[in-house]
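Please work from the sequences and hints to get the whole structure.
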Amino acid sequence: MSGTAALSEALAGLVERVTFHNAENGFCVLRVKVEGSKNPLVLGLPV
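Counted the way full-length UniProt numbering counts, the sequence shown spans residues 1 to 47.
Be a bit skeptical, because a hint or two may be false.
Using C-beta positions, here's what the derived DEER-type ranges look like [as the list claims (entries may be wrong)]:
| id | residue 1 | residue 2 | range |
| --- | --- | --- | --- |
| 1 | Pro46 | Arg17 | 16 to 24 Å |
| 2 | Ala5 | Lys38 | 24 to 32 Å |
| 3 | Ala6 | Lys38 | 27 to 35 Å |
| 4 | Glu9 | Arg31 | 16 to 24 Å |
| 5 | Ala5 | Lys33 | 14 to 22 Å |
| 6 | Ser37 | Ser8 | 14 to 22 Å |
| 7 | Leu7 | Val32 | 26 to 34 Å |
| 8 | Pro46 | Ala5 | 14 to 22 Å |
| 9 | Ser8 | Cys28 | 16 to 24 Å |
| 10 | Val18 | Asn39 | 16 to 24 Å |
| 11 | Phe27 | Ala6 | 29 to 37 Å |
In silico lysine to any residue, SDA-like type, Cα no more than 20 Å apart, as pairs [claimed, not checked]:
| id | residue 1 | residue 2 |
| --- | --- | --- |
| 12 | Lys38 | Ala5 |
| 13 | Lys33 | Gly13 |
| 14 | Lys33 | Leu45 |
| 15 | Lys33 | Ala12 |
| 16 | Lys33 | Arg17 |
| 17 | Lys38 | Asn22 |
| 18 | Lys33 | Phe20 |
| 19 | Lys38 | Ala23 |
| 20 | Lys33 | Leu43 |
| 21 | Lys38 | Val15 |
| 22 | Lys33 | Glu9 |
| 23 | Lys33 | Ala6 |
| 24 | Lys33 | Thr19 |
| 25 | Lys38 | Ala12 |
| 26 | Lys33 | Ala5 |
| 27 | Lys38 | Ala6 |
| 28 | Lys38 | Ala10 |
| 29 | Lys38 | Glu16 |
| 30 | Lys33 | Val18 |
| 31 | Lys33 | Gly44 |
| 32 | Lys33 | His21 |
| 33 | Lys38 | Arg17 |
| 34 | Lys38 | His21 |
| 35 | Lys38 | Leu14 |
| 36 | Lys33 | Pro46 |
Calculated from the structure, these hints are not laboratory results.
Even for Gly, the Cβ is constructed at its ideal location relative to N, Cα and C.
This is the structure:
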């Protein structure tokens with residue numbers, strides 16, 4: 001192992017927009033509204 005630990009965190013929210021989606025490999029960029037947060041979160045998945 002390289003000495004870096006894998007981190008994981010649960011996230012619940014509403015997808016406001018799919019900015020990008022690659023049908024070949026499933027990669028997508030999403031804008032997510034997270035409850036309790038003023039600003040949306042932008043995610044690139046899978047990581």
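Looking back at the hints listed earlier, which ones does the structure fail to meet? 5, 7, 11, 12, 17, 19, 23, 26, 27 and 34
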